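Reconstruct the complex from the two isolated chains, following the hints.
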Amino acid sequence: MHQRILALIRKEFLALLKDPKSRMVLIVPPLIQLLVFGYAATFDLKEVPYAVYNEDRGMAARDLLARFRGAPSFRQVAELGAAAEIASLVDARRVLVVVRIGPTFSDDLLSGRPAPVQVIVDGRNSNTAMIALNYVRSIVDRFNRDWIASRGLAAPPARLETRAWFNPNLESRWFFIPGIIGLLTLVTTMLVTAMTVAREREQGTFDQLLVTPLRLPEILAGKVVPGLVIGTLQATVILILATLWFRIPFLGSLPAFYAGLILFLLSGAGAGLFISSLAATLQQALLGAFLFMVPAVILSGFATPIANMPEVVQWLTLIDPLRYFLVILRKVFLEGAGFGLLLDQYWPMALIGLGSLALAGWLFRSRMY
Amino acid sequence: MSTRGGPDIRLRGGQAMRLRGLIRKEFLQIVRDPSSIAIAFLMPFFLLLLFGYGVSLDADRVPIALVAEAPSPDSADFMAALQGSHSFAPRVMASMPEAEEALLKGEVHGIVRLRADFPRRLRLPEGAPVQVIVNGVDANTARLVLGYVEGAWGNWLAARAAGQGQELKLPVALQTRIWFNSEVKSRNYLVPGLVAIIMTLIGALLTALVMAREWERGTMEALMVTPVSMTEVLLGKLVAYFTLGTGGMLLTVGLAVWLFEVPLRGSFWVLWMCASLFLLAALGMGLTISTLARSQFVAGQIALIATFLPAFLLSGFIFDIGSMPAGVQVITQAIVARYFVAIVQTLFLAGDVWSVIVPNALALTVLAAIFLTITWKKSRKRLD
Numbered sequence: 541m542h543q544r545i546l547a548l549i550r551k552e553f554l555a556l557l558k559d560p561k562s563r564m565v566l567i568v569p570p571l572i573q574l575l576v577f578g579y580a581a582t583f584d585l586k587e588v589p590y591a592v593y594n595e596d597r598g599m600a601a602r603d604l605l606a607r608f609r610g611a612p613s614f615r616q617v618a619e620l621g622a623a624a625e626i627a628s629l630v631d632a633r634r635v636l637v638v639v640r641i642g643p644t645f646s647d648d649l650l651s652g653r654p655a656p657v658q659v660i661v662d663g664r665n666s667n668t669a670m671i672a673l674n675y676v677r678s679i680v681d682r683f684n685r686d687w688i689a690s691r692g693l694a695a696p697p698a699r700l701e702t703r704a705w706f707n708p709n710l711e712s713r714w715f716f717i718p719g720i721i722g723l724l725t726l727v728t729t730m731l732v733t734a735m736t737v738a739r740e741r742e743q744g745t746f747d748q749l750l751v752t753p754l755r756l757p758e759i760l761a762g763k764v765v766p767g768l769v770i771g772t773l774q775a776t777v778i779l780i781l782a783t784l785w786f787r788i789p790f791l792g793s794l795p796a797f798y799a800g801l802i803l804f805l806l807s808g809a810g811a812g813l814f815i816s817s818l819a820a821t822l823q824q825a826l827l828g829a830f831l832f833m834v835p836a837v838i839l840s841g842f843a844t845p846i847a848n849m850p851e852v853v854q855w856l857t858l859i860d861p862l863r864y865f866l867v868i869l870r871k872v873f874l875e876g877a878g879f880g881l882l883l884d885q886y887w888p889m890a891l892i893g894l895g896s897l898a899l900a901g902w903l904f905r906s907r908m909y
Numbered sequence: 021m022s023t024r025g026g027p028d029i030r031l032r033g034g035q036a037m038r039l040r041g042l043i044r045k046e047f048l049q050i051v052r053d054p055s056s057i058a059i060a061f062l063m064p065f066f067l068l069l070l071f072g073y074g075v076s077l078d079a080d081r082v083p084i085a086l087v088a089e090a091p092s093p094d095s096a097d098f099m100a101a102l103q104g105s106h107s108f109a110p111r112v113m114a115s116m117p118e119a120e121e122a123l124l125k126g127e128v129h130g131i132v133r134l135r136a137d138f139p140r141r142l143r144l145p146e147g148a149p150v151q152v153i154v155n156g157v158d159a160n161t162a163r164l165v166l167g168y169v170e171g172a173w174g175n176w177l178a179a180r181a182a183g184q185g186q187e188l189k190l191p192v193a194l195q196t197r198i199w200f201n202s203e204v205k206s207r208n209y210l211v212p213g214l215v216a217i218i219m220t221l222i223g224a225l226l227t228a229l230v231m232a233r234e235w236e237r238g239t240m241e242a243l244m245v246t247p248v249s250m251t252e253v254l255l256g257k258l259v260a261y262f263t264l265g266t267g268g269m270l271l272t273v274g275l276a277v278w279l280f281e282v283p284l285r286g287s288f289w290v291l292w293m294c295a296s297l298f299l300l301a302a303l304g305m306g307l308t309i310s311t312l313a314r315s316q317f318v319a320g321q322i323a324l325i326a327t328f329l330p331a332f333l334l335s336g337f338i339f340d341i342g343s344m345p346a347g348v349q350v351i352t353q354a355i356v357a358r359y360f361v362a363i364v365q366t367l368f369l370a371g372d373v374w375s376v377i378v379p380n381a382l383a384l385t386v387l388a389a390i391f392l393t394i395t396w397k398k399s400r401k402r403l404d
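Top to bottom, those sequences are chains A and B.
Remember, this note's numbering sits 540 above the position in the first sequence when you count from 1.
Remember, this note's numbering sits 20 above the position in the second sequence when you count from 1.
It should be emphasised that the hints constitute simulated quantities derived from the structure, not laboratory data.
Take the hints with a grain of salt, since some may be wrong.
Covered stretches of chain A, as calculated for chain B (at least 3 residues, CB under 8 Å) [said to hold, decoys possible]:
(1) 567–580
(2) 653–659
(3) 695–702
(4) 723–735
(5) 782–792
From a predicted model like this one, the values you see are computed outputs, not experimental measurements.
Cβ atoms here follow ideal geometry from the backbone N, Cα and C, with glycine treated the same way.
Isolated chain B, as found in the complex (with noise of 0.2 Å):
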């Protein structure tokens, strides 16, 4: 730059010209180091990849274990209602230590027993009783598997009664209608979800070292020797990774919408609006980090706890807000990724929902100004 050294004060540049160079220098910084490209493209691609085909809470042909003490028509009939379910990969075993055995092993989720008096006991007015254990480490399954006996039970007394010319009679029938995601598909939920944790890891990493690489390089003094303000400087960081950040976000959303399916039922520019609300308050908290801790090694680690972990699981992506105690849910009001998860989920599945929107986009933009300005306030501290 010709005019850097000039003597006559005009021709250092007005603010947009110093604005514009300090952009440069973040994207110069960006290329040589290809991590950061890395980190906004890479990362993104490679994780909603792999999470996208590999987490879902969907379990079907669950492993069970069926023993009949005495085998006969009637215990035949109640069996093939359980393997005839896609729901399960049923076993047939000879005996109960057997079956608990592969329980233990957990080669099986569960055992449905009948003993050797159930044709017998089937005839007689109590009814007869059939023996249901599951394995309770894993409670979420162990409910699933509870829940596809009973609708497998059900279908057997339907079709029992059937046969005998009659016709089942539960006095309240339930009819249930799930909205927004008729199919049950856990990964239209997760891959949403997925989204937002995955840009809160991107925003925070992006910046989470840059302000603390210029204190501990020596670079920062440098840039203050020069007309630039610090205001400029954090300007400068923000624009830079703030495309790069967008360049992610567009990314991921274009993967969950065509590779995964997950319908998109808002408008694409209700999310882009939002999406850039987050990517503020997620990139301020990278910088907030990196201004507080002042040596990248620290900021490092802070990054390492308080993003992943709290963003996985206190941000309403799998566990349930609403269930939590009074005084985690106060702490999950701090959480970036939250609002952005309760945004992407709704914008996704439900559509534009004002109610929804409007108040999680006003916290991501309170969010945001309050990490900006504690970054803002602290970097000008050091100028003193």
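Just chain A, same shape as in the assembly (with noise of 0.2 Å):
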């Protein structure tokens, strides 16, 4: 029984390894795409084009310029002469933010008058309007800090001190990059299971290994080991270019991210083989593998948390394996969580992979065509 399984697995090793197109397919994206989304997926905006629209000779307005002009995160465009040019800027989004003073701005400023700022942000992409938002509220805070105690006048009667745990400085590429390791490990799991029962069933092989002496269990852990080798392969590389590469801290152990890996990709390729089973033609298991991993990827809270999320979505959520993926993933990088803490994490995916698994193995057998 043992060799039976071996050669099966040995079968669909080279199944998907013998094509060379098929095999660059499986190890040169998931590196290239670690890469160039580690880059891309953060929130942290890093040159905010602005515009500039002074109508005030005073000093304090030139201070306040000054800040932004200094501040890293933005990049003056333009400095403006009249009011009608800010439309047009910022439709053609050649800027984000506008920031306009008042011909009175100084005065107000010297003679005690709240002495008002005003800040045009193009909305249409809401998060990056909100966060330009607070980048300019914070350089008006400081500025309003120093101007009281240079003026000697009274500070507020309590002030905030904040800070964050896990993440002192709140780069949001931490937040990111763990996440990415389990978008990436869910696309391999799919290219490795979600398309192999409808190609042979297309091939008509499939009939052909149901006739062998192979018992279902058998098949299953044929089309399973592989998805589940080249996933903890290709998790390792990434997981090292991680904490080498892009230097997120990894604080927890090892032990408990395998742990979760491994029933991540038992879940994964239940899912994939699941749909695979279900489709009569490889144009059909393409449709499922998106229908899957398009909502798995989305409602994950990858981007988007959950908890903003509609209750009965929420819900739905708790059938997505990389839910809970996502959040070892970040609690075993970040705040350096080991098993007991992710338990409630682990069961869930294993019960989905088995539930999956047995599902799938049913269809082999009752969907035959």
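What follows is the structure, given as structure tokens:
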């Protein structure tokens, strides 16, 4: 029996790797994608393009604007001479932010009246708009604090002292790169499993497999093992790149990481094989793979928190294996979590994996064409 | 067809007739394997519904822990400012260890702590510190929580000053104007973006396997011995799937406007024109994958890798392209979805802004031309 399974696993590896194009597809893109996505996936704005419309000739306005010019995350694109120029710049997306200072700004400030500064933000991407606005706010806050201090005015009775655990500088890359490991691993499991049965069905070799002495669990094992092996190898390489190249701190334990990885691969492979055995043609299998993968990514909490979703959709995320794996990745990387804290994430994935594999095995036999 | 096999070449019909026959064949194939129709109509419907409701970056009722180490009227006053805000679902906790454990478990996103000496230091000239701790793993949510706490703090300062018969004076007062999306609803930009992402998938999925399938099943050779040219074969496929894709596009735009109530401020016809260009590019990408891979299995694998994640992460849909390193920005120029995301977000939220639409539409045209040319060249080579 051992020999039978080994022979089958060998055959599945060959089916995946003998075609040089297929081999390329499994090895090269994940590495390139990690590098490209790793740099792309961040909510931190690097160069907010902004324009200034300053009608005030006073020192204070010049001082405030100098702070914008000196801020590393801002890049001044234009200095406007008339209010009418604002609209065309914003419309064309040449600037994200316009800072407008009225003619009485410095006088108001010196005489102790509130001095307004108008900030116009392009809200087409509301998330980027809010982040840019936060940057503006912190510059103005610092200006206010310095102004109060230099004039000897009364400080506010309470002040906030903020601290962020696990990610002191709030770098969003630390949040996204562990997540990308999950995304790329999911794509690879889909590549390896989602189309295998459908291909054999289309070529007629699956019926032959079913009449061999191989039993159902053995056929399943033959289809799952290549996914586990390739997925583990790939995730290991990505893990090394993430820590050495992107310098994401890895504080947790490797066994906790690998336990999560294997369970995730198992549930992903189960879903992939389920899709594959449901499909009659490769086209249907590909459709199924997308219908699983796209919601799995978008509802996983990768970019938009699950807590923001409506309750019904939140329930739906409970059957998304990526949801659990992302929690494990982030906790293991940044919070240094071990097995104990992650048990709640392990068992749902195990359940999804076993359930989908059982369904796939049942479909192997019951869907004969 | 009675003309087939006729000895007189004129009876075989002209190019228009051959093309009509090919298009008819493609449509028959589409109808017989319902997965194409599912891709064009079911998938956009299902995905847009799911994401339109599911995806949001607006957090409200964020759970936070409030710890007042020595409750007093002053601390109750401060806490009330947080409790009154719609942004928070505050939970009062007795001690820091309890709050820290809740933060570790992810039950709360942040802690606001007032030390025992808060009322006393409040009356000192340098003011009292209020400690705010957030879990920084999800940096975006953490920043949001900090922003909300700051807002509540500002309200508290203003209310306190007013209570003492004074006016709170901040030297510089920010007046913010958010254009195009004044309620700052993330759905208003996510839904148009999703239209672009979903249509990229559909365009590529519809065609990713069709050329490879013909090669694999030997029907391409069968087509070659007929008088149809490769250009006609390609044109037949393009027309059939373009029609299907247009249907899917109308469906998603309709859902965005009527179900999700995203304002469409630009004109529908400009959207139609740009969508058609975009569909040509997306279908062209699928055909290119299909032609280069030559086997359905490999074509499917490439489609899985090359369509969704790049369109999701590199199109400017959620991550700002301007903040990416220069090298990555160059790579995004090959992403079809990028141009359509820019067009759709502008058309929906801002209107017919030609300075955005024209360059992006041109880029789509160039990409469509490149993809279709590659397909055409590579398919012809096989004929030799």
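Structure-based check of all given hints:
Counting residues of the region 567–580 of chain A whose C-beta lies closer than 8 Å to any C-beta of chain B gives 6; at least three are required, and the coverage claim holds. Given as covered by chain B, the region 653–659 of chain A passes the check, having 6 residues with a CB less than 8 Å from a CB of that chain where 3 are the minimum. By the rule of at least three residues with a Cβ nearer than 8 Å to a Cβ of chain B, the coverage given for the region 695–702 of chain A holds, with 8 such residues. Restraint check on the region 723–735 of chain A versus chain B: 7 residues with Cβ-Cβ distances below 8 Å, three needed, restraint holds.
Coverage of the region 782–792 of chain A by chain B is violated in this model, with 0 residues showing a Cβ closer than 8 Å to a Cβ of that chain against a need of three.
Hint compliance for this structure: hint 5 alone is broken.
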